[in-house]
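Kindly produce the complete structure, drawing on both the sequences and the hints.
Going by my numbering, the letters in the sequence shown line up with residues 8 to 104, in that order.
Please note that a few of the clues may not be correct.
As the list claims (entries may be wrong) - Label-pair distances were calculated between CB atoms; the ranges are:
#1 E92 - G53: 15 to 25 angstroms
#2 S19 - I39: 20 to 30 angstroms
#3 M69 - A20: 19 to 29 angstroms
#4 T9 - N34: 15 to 25 angstroms
#5 G83 - V31: 13 to 23 angstroms
#6 E92 - P35: 32 to 42 angstroms
#7 H77 - M10: 20 to 30 angstroms
#8 I104 - R18: 39 to 49 angstroms
#9 E15 - C101: 32 to 42 angstroms
Stated by the list, open to error - Under the rule of at most 20 angstroms between Cα atoms (straight-line distance), these lysine to aspartate or glutamate pairs were calculated in the DMTMM-like manner:
#10 K11 - E36
#11 K21 - D76
#12 K21 - D73
#13 K11 - E42
#14 K16 - D76
#15 K21 - D43
#16 K11 - D43
#17 K16 - E36
#18 K16 - E42
Hints were generated in silico from the structure; no laboratory data involved.
We put the beta carbon where it would ideally sit given N, CA and C, even for glycine.
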Amino acid sequence: ETMKIYAEKIRSAKMIVANGPAGVFENPEFSIGTEDLLNAISSSAGFSIIGGGHLAAAAVQMGFQDGIDHISSGGGAAISLLAGEELPAVKVLCNPI
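Written as structure tokens, this is what we have:
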């Protein structure tokens, strides 16, 4: 029931940002939440961004990568960037020596 509500909201969203899987997707007994989440994201017309190595791996493993606009393996860094926080490595690259 919860996933049906999430899927409805995701499919009608203009932008979707997801970070991390919804459960232990590596175990087939617990992968349905992540699979349903990725299915909703990839079938949405909204711009989609997923972050984190685990969710990125799940998207590829489950075949949803083509329906997702941007996949970032840096989950924490992606969320920090979207939150407007400064990324130390980017700061160094932007400041000439």
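H77 and M10, beta-carbon distance inside 20 to 30 angstroms? holds (23 angstroms)
Going straight from one Cα to the other, do K16 and E42 come out at no more than 20 angstroms? holds (16 angstroms)
Are the Cα positions of K11 and E36 separated by 20 angstroms at most? Holds, because 19 angstroms separates the two Cα atoms, which is no more than 20 angstroms.
Verdict for S19, I39 (Cβ pair) under range 20 to 30 angstroms: Between S19 and I39, where Cβ atoms are some 22 angstroms apart, the hint holds.
Hint check for N34 and T9 - Cβ pair distance inside 15 to 25 angstroms: holds (19 angstroms)
Distance restraint evaluation - E92, P35, Cβ atoms, bounds 32 to 42 angstroms: holds (36 angstroms)
Holds or violated: the 15 to 25 angstroms window for the beta-carbon distance between E92 and G53? holds (24 angstroms)
Cβ-Cβ distance between G83 and V31: within 13 to 23 angstroms? holds (20 angstroms)
Pairwise beta carbon distance, I104 to R18, judged against the given window 39 to 49 angstroms: holds (48 angstroms)
Look at the Cβ atoms of E15 and C101 and judge whether their distance stays inside 32 to 42 angstroms. Given a distance of about 41 angstroms, which is inside 32 to 42 angstroms, the answer is holds.
Restraint status (C-alpha distance of K11 to E42 at most 20 angstroms): holds (13 angstroms)
CA of K21 to CA of D73, is that 20 angstroms or under? Roughly 18 angstroms between the alpha carbons, so the hint for K21 and D73 holds.
Violation of the numbered hints given earlier is confined to hint 17; every other hint is satisfied by the structure.
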